[in-house]
Amino acid sequence: MGYDLKMRVWRGDAEGGGLTDYTVEVSEGEVVLDALHRLQATQTGDLAIRWNCKAGKCGSCSAEVNGRPRLMCMTRLSDFEESETITVTPLRTFPVIRDLVTDVSFNYEKARELPYAELGPRDADGKRRMMQVDVERGQEFRKCIECYLCQDVCHVVRDHEDNKQHFAGPRFFIRYAELDMHPLDTHDRRRLAQEAAGLGMCNITKCCTEVCPEGIHITDNGIIPMKERVVDRRYDPLVWLGNKIGLRNKDNDGRTEV
Amino acid sequence: MATTDHGVTSPGRAHIEERTLRRDRWWLQPLTTFVVFSAFVVYATVRAFLGRDYYASPYLSPFYSPCLGDCVAGASDFGQPFAWWPLSAALIILVFPLGFRMTCYYYRKAYYRAFWMSPPACGVAEPHRSYSGETRFPLLLQNVHRWFWYAAVLVGAVLTFDVVLAFRPMPAQYAVGDGETSGVHMGLGTLLMLVNVVLIWLYTLSCHSCRHIVGGRLRHFSQHPVRYRLWTWVSRLNESHGRWAWYSLFSVAIVDLYIFLLATGTIQDVRFF
Amino acid sequence: MTQTRHPMTGNEMSYYAEGGTERHRYDVVVVGAGGAGLRAAIAAHEAGAETAIVCKSLLGKAHTVMAEGGIAAAMGNRWPEDNWQVHFRDTMRGGKMLNHWRMAQLHAQEAPERVLELEDWGALFDRTEDGLISQRDFGGHRYARLAHVGDRTGLEMIRTLQQRAVQLGIDVFMECTVTEVLKQDDRVAGAFGYWRETGRFVIIEAPAVVLATGGIGKSFKVTSNSWEYTGDGHALALRAGASLINMEFVQFHPTGMVWPPSVKGLLVTESVRGDGGILRNSEGKRFMFDYIPDYFRSETADSEEEADRWYEDKKNNRRPPELLPRDEVARAINSEIKAGRGSPHGGIYLDIASRRDADYIRKRLPSMYHQFKELADVDITAEPMEIGPTCHYVMGGVEVDPDTQQSAVPGLYAAGEVSGGMHGSNRLGGNSLSDLLVFGKRSGEAAAAYAASVPRPSVVEADVRAAQAGALAPFEPAAAAGAAENPYTIQQDLQQAMNDLVGIIRTGVELEQSLVALERLKERAGSMAVEGHRQYNPGWHLALDLHNMLLVSECIARAALARQESRGGHTRDDFPGPDPEWGAKNLVLTLDTSGDGVEIAEKPLPVMPDDLRELFED
Numbered sequence: 001m002g003y004d005l006k007m008r009v010w011r012g013d014a015e016g017g018g019l020t021d022y023t024v025e026v027s028e029g030e031v032v033l034d035a036l037h038r039l040q041a042t043q044t045g046d047l048a049i050r051w052n053c054k055a056g057k058c059g060s061c062s063a064e065v066n067g068r069p070r071l072m073c074m075t076r077l078s079d080f081e082e083s084e085t086i087t088v089t090p091l092r093t094f095p096v097i098r099d100l101v102t103d104v105s106f107n108y109e110k111a112r113e114l115p116y117a118e119l120g121p122r123d124a125d126g127k128r129r130m131m132q133v134d135v136e137r138g139q140e141f142r143k144c145i146e147c148y149l150c151q152d153v154c155h156v157v158r159d160h161e162d163n164k165q166h167f168a169g170p171r172f173f174i175r176y177a178e179l180d181m182h183p184l185d186t187h188d189r190r191r192l193a194q195e196a197a198g199l200g201m202c203n204i205t206k207c208c209t210e211v212c213p214e215g216i217h218i219t220d221n222g223i224i225p226m227k228e229r230v231v232d233r234r235y236d237p238l239v240w241l242g243n244k245i246g247l248r249n250k251d252n253d254g255r256t257e258v
Numbered sequence: 001m002a003t004t005d006h007g008v009t010s011p012g013r014a015h016i017e018e019r020t021l022r023r024d025r026w027w028l029q030p031l032t033t034f035v036v037f038s039a040f041v042v043y044a045t046v047r048a049f050l051g052r053d054y055y056a057s058p059y060l061s062p063f064y065s066p067c068l069g070d071c072v073a074g075a076s077d078f079g080q081p082f083a084w085w086p087l088s089a090a091l092i093i094l095v096f097p098l099g100f101r102m103t104c105y106y107y108r109k110a111y112y113r114a115f116w117m118s119p120p121a122c123g124v125a126e127p128h129r130s131y132s133g134e135t136r137f138p139l140l141l142q143n144v145h146r147w148f149w150y151a152a153v154l155v156g157a158v159l160t161f162d163v164v165l166a167f168r169p170m171p172a173q174y175a176v177g178d179g180e181t182s183g184v185h186m187g188l189g190t191l192l193m194l195v196n197v198v199l200i201w202l203y204t205l206s207c208h209s210c211r212h213i214v215g216g217r218l219r220h221f222s223q224h225p226v227r228y229r230l231w232t233w234v235s236r237l238n239e240s241h242g243r244w245a246w247y248s249l250f251s252v253a254i255v256d257l258y259i260f261l262l263a264t265g266t267i268q269d270v271r272f273f
Numbered sequence: 001m002t003q004t005r006h007p008m009t010g011n012e013m014s015y016y017a018e019g020g021t022e023r024h025r026y027d028v029v030v031v032g033a034g035g036a037g038l039r040a041a042i043a044a045h046e047a048g049a050e051t052a053i054v055c056k057s058l059l060g061k062a063h064t065v066m067a068e069g070g071i072a073a074a075m076g077n078r079w080p081e082d083n084w085q086v087h088f089r090d091t092m093r094g095g096k097m098l099n100h101w102r103m104a105q106l107h108a109q110e111a112p113e114r115v116l117e118l119e120d121w122g123a124l125f126d127r128t129e130d131g132l133i134s135q136r137d138f139g140g141h142r143y144a145r146l147a148h149v150g151d152r153t154g155l156e157m158i159r160t161l162q163q164r165a166v167q168l169g170i171d172v173f174m175e176c177t178v179t180e181v182l183k184q185d186d187r188v189a190g191a192f193g194y195w196r197e198t199g200r201f202v203i204i205e206a207p208a209v210v211l212a213t214g215g216i217g218k219s220f221k222v223t224s225n226s227w228e229y230t231g232d233g234h235a236l237a238l239r240a241g242a243s244l245i246n247m248e249f250v251q252f253h254p255t256g257m258v259w260p261p262s263v264k265g266l267l268v269t270e271s272v273r274g275d276g277g278i279l280r281n282s283e284g285k286r287f288m289f290d291y292i293p294d295y296f297r298s299e300t301a302d303s304e305e306e307a308d309r310w311y312e313d314k315k316n317n318r319r320p321p322e323l324l325p326r327d328e329v330a331r332a333i334n335s336e337i338k339a340g341r342g343s344p345h346g347g348i349y350l351d352i353a354s355r356r357d358a359d360y361i362r363k364r365l366p367s368m369y370h371q372f373k374e375l376a377d378v379d380i381t382a383e384p385m386e387i388g389p390t391c392h393y394v395m396g397g398v399e400v401d402p403d404t405q406q407s408a409v410p411g412l413y414a415a416g417e418v419s420g421g422m423h424g425s426n427r428l429g430g431n432s433l434s435d436l437l438v439f440g441k442r443s444g445e446a447a448a449a450y451a452a453s454v455p456r457p458s459v460v461e462a463d464v465r466a467a468q469a470g471a472l473a474p475f476e477p478a479a480a481a482g483a484a485e486n487p488y489t490i491q492q493d494l495q496q497a498m499n500d501l502v503g504i505i506r507t508g509v510e511l512e513q514s515l516v517a518l519e520r521l522k523e524r525a526g527s528m529a530v531e532g533h534r535q536y537n538p539g540w541h542l543a544l545d546l547h548n549m550l551l552v553s554e555c556i557a558r559a560a561l562a563r564q565e566s567r568g569g570h571t572r573d574d575f576p577g578p579d580p581e582w583g584a585k586n587l588v589l590t591l592d593t594s595g596d597g598v599e600i601a602e603k604p605l606p607v608m609p610d611d612l613r614e615l616f617e618d
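Chains as they are written, first to last, in the working numbering: chain A, 1 to 258; chain B, 1 to 273; chain C, 1 to 618.
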């Protein structure tokens, strides 16, 4: 049942720090966050951890476990050998505050730059009508728990600090996709996605999809369709020709470019 | 690998020397991709520039189909409008399937990781100092993927026609058994070409651009039930786009190799009927 | 960052030397960024007030995100017969008539528009075949009434409100904890708190403060609540001079996970039962038929056949007993486990696998599927879940005016779980999310109107100094020198005591013991010491939160001891039935003169007008 787990946990702050070795008792069915909580309660009362729901629903306890971006509450100890040392570090894309807590304000700044939903008027009876098949694509993206693991793993900003200014990141690309696929929305944000959000910076290497704890197909269902929508607007000869001769996709009628 | 001061070791981030703390064999996948793709490129280049041994009636190598240059007798089913072309006929048409694959969303992922190491694997720092993604020439051209898809559909149609032709009777010199040369025939070459064209179609139809064109671009699936149905089918194929990319890469090389071996007389076709 | 840090707190010296506090000015400060807080802030902002939100976590992580089932609103999309009167009646009956009738009325009337508003702001609810917002069945609701998105409705709601608040440009103080409400004379003057990140103090001067801090569940050992649920708003209100009501009523959700230990208490949504799941004991018996109370007998199926038909034909059949209000189901499960008919890990079985096909389950309950798969290695489409009761919600809270949500202290408002009265003795599933929206909006509007109507107060510097000293107490060497207590240990002991002595089934003797235990814990909390410095120090944060938890736990225990009956979320083994006399009064708690304990008083229920009373005559 219980055993002694060897852990290496990054301790420190913006001015420096390093991996510290600990041994902590753990038991069956536990996750990495349980082990860290026990450390906190018994050995290092000031170990900084950000967490909330401990059920994979709020996306607070993002960190890197053995070099992989993970939610600590969803990383089961049974996935590792009992003799294995588990290394836990803070997210390496964002500035560290202390120990395992990073400053994720990058994401909140990007969220502020984002366009919002703008729906037309309601139906005469004061309700709105949308069909299930039309909302399902957007619903997939709205499963996002904003753990920012995709933002953390994305090499565009992880490996290039200077790109942060011009790149919104996978989490916000799926927000663009969600709005663009909204059946009642009235804005056309394709230009914004390409220019302001830096969609073209993405080279679709799919790490965002690999780390998503919600299993959202960020690349295949979000980013690539957005890229294709930008192609519709800018690069497709048939769409261009169709527009010239009055044949066009009426599905986008009533949307204004923002 | 030298660490840099613009990525994971930027000031302000948690101070960790290693460019990755991953301990699994993350390098295996990019390495495999690198080796296989490189081998294919070498093989395809050699075969494309060779300019011969691509036709063993009734089989035409997919590298040379449609054969529009100064091709050997029987290989050109669509005329020879480029008969003046001094080099191998493969070079005239190979640009289309090549362009389709080069700009394919799956291949992009695979070669950006394996060849560019941008990034080599998730959570492994890339070696480059700067990065601008696909925002500038030449990578901006990745956006023409859809044009190549239109072309790839035509190429797929031609290859399908080739398979039909591959059921034709074989000329006398290839005849086996009692020397039967009339009626319908099927050999191992026919089978390989059939499998190849199925994989090519699976790859072409599972393309992300295809998925977008058939229905993905719509905002109201509910108003376009047929296109929605098509979109759900393509979406299902699309989940395995990478698999079709690999399989069809192998199949096209195998078919070409088989025909090469037939044409050079190294082997005899295995004939089923 | 500067090099010089305070030797004790680790903070930069420069501002510490000058008093070490940031100051801000707003019209309305909302404490808490869950559904109620965000909705209040949006309303206040739209009413023209300069508004700030202060929250302990990052924006979008509040506990609302955990809500699964849906938002109860009588929109009539599935059942045109549904209307606010039916919803009002269900709510009052679910709360065993102890609810404040006016709150229940406003809630039922305004919930539909609040839901539609979310849709205007971009929420994507599941749809009916006609394209309207789909509504699902839930315990205690006569008609399918819960607007939902799979089983992650709370996430949808908080994300929608969060995006709306960001769009409006409302200032958010993230990872900032409020430790005191500041007053000038008898009215609100602002809020005092600290940044979790740096430990630096913040004073926000504002004439109106809206408390939207949620509940108290973290005082219990087995709970579905996150660490934030330490009763901050309840305690802030008490210390500011407001009163709490109904604190004895704590809802134990019937279905929480029981295994593995690390997720014990984690919620399993009621939608599992709404969508066809049933409860069985270890003998395989569907036992809920043995626990139908007389009060609900006329509307509950008495055979499995009728219960199963109900999912398809609600007009001619009565509801399955699994969908009785939560208090009834939780008690039944508790009894089965106590009688030795529990599962290996001390729960009972919740089975949907044998009743619905795998695709249906995965589509309707994706988070549950995921949760069990990932955390317990259980495939809920193939095997039953093991579940047991878990502390989920506190019906009690700040006593407020039903129309404005203002407390007894001018300028202090409370909305959502931290307010009391709306749910009476037991809350129906789905009524919390609608509660957040309806009363969040009302409180925000009222706070903005109040702020605009009064002269700006100013904070009293002596109060600020006292608040600072209080917050730094756990670092005091004096405390550390004695028998220094570890806050984590005290918290564990508190949770154990509350679970054992003030849990789902209570007795007078145990409640007396709990009060003794709480006094002892309070003493120990006086000599808490924490290591490290003020920068993102969870030990220190817990030490500060513990004072709130202890105060609120005492409220619960005192009220539970006083109410000598069983009703809704309060079950006394020594007084097993409801008592009509007790059914006519509330228990009101205020801070005692020492400032360290609470006083209790009885107060008659507000009288329901006749036109509403008629709804119950059949």
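Treat the hints as calculated values from the structure; they're not laboratory data. Some hints could be false.
Claimed, not checked - With a Cα cut of at most 27 angstroms, we get these calculated BS3-like pairs of lysine-lysine:
{"#": "1", "chain 1": "B", "residue 1": "K109", "chain 2": "A", "residue 2": "K164"}
{"#": "2", "chain 1": "C", "residue 1": "K264", "chain 2": "A", "residue 2": "K6"}
{"#": "3", "chain 1": "A", "residue 1": "K127", "chain 2": "C", "residue 2": "K363"}
{"#": "4", "chain 1": "C", "residue 1": "K603", "chain 2": "C", "residue 2": "K221"}
{"#": "5", "chain 1": "C", "residue 1": "K264", "chain 2": "A", "residue 2": "K127"}
{"#": "6", "chain 1": "C", "residue 1": "K285", "chain 2": "C", "residue 2": "K264"}
{"#": "7", "chain 1": "C", "residue 1": "K338", "chain 2": "C", "residue 2": "K315"}
{"#": "8", "chain 1": "C", "residue 1": "K363", "chain 2": "C", "residue 2": "K373"}
{"#": "9", "chain 1": "C", "residue 1": "K363", "chain 2": "C", "residue 2": "K221"}
{"#": "10", "chain 1": "A", "residue 1": "K110", "chain 2": "B", "residue 2": "K109"}
{"#": "11", "chain 1": "A", "residue 1": "K127", "chain 2": "C", "residue 2": "K315"}
The structure presented is a predicted model; accordingly, all values stated were derived computationally and were not measured.
Do the hints match the structure? See the list:
1. Distance restraint check for K109 of chain B and K164 of chain A: the Cα-Cα separation of roughly 21 angstroms lies within the 27 angstroms cut-off, and the hinted pair is therefore satisfied.
2. This hinted pair checks out: K264 of chain C and K6 of chain A have alpha carbons roughly 24 angstroms apart, not beyond 27 angstroms.
3. Of the supplied pair hints, the one linking K127 of chain A and K363 of chain C holds, its CA atoms being roughly 25 angstroms apart against a limit of 27 angstroms.
4. In summary, the hint linking K603 of chain C to K221 of chain C is not supported, as the alpha carbons are separated by about 31 angstroms, beyond the 27 angstroms threshold.
5. Between K264 of chain C and K127 of chain A, the direct Cα distance comes to roughly 41 angstroms. Violation of the 27 angstroms bound is thereby established for this hinted pair.
6. At most 27 angstroms may separate the alpha-carbon atoms for a hinted pair to count; K285 of chain C and K264 of chain C meet this at roughly 24 angstroms.
7. Simply put, K338 of chain C and K315 of chain C have alpha-carbon atoms about 36 angstroms apart, too far for the 27 angstroms limit, and the pair is violated.
8. For the proposed pair K363 of chain C and K373 of chain C, the alpha carbon gap of about 15 angstroms is at most 27 angstroms, so the pair holds.
9. Taking the CA atoms of K363 of chain C and K221 of chain C, the gap is near 32 angstroms; set against the 27 angstroms cutoff, the hint is violated.
10. Our distance criterion of 27 angstroms between C-alpha atoms is met by K110 of chain A and K109 of chain B, whose separation comes to about 25 angstroms.
11. Note on K127 of chain A and K315 of chain C: the hinted pairing holds, with a Cα-Cα distance of about 25 angstroms set against a maximum of 27 angstroms.
Taken one by one, the earlier hints fail for this structure at numbers 4, 5, 7, 9, listed in ascending order.
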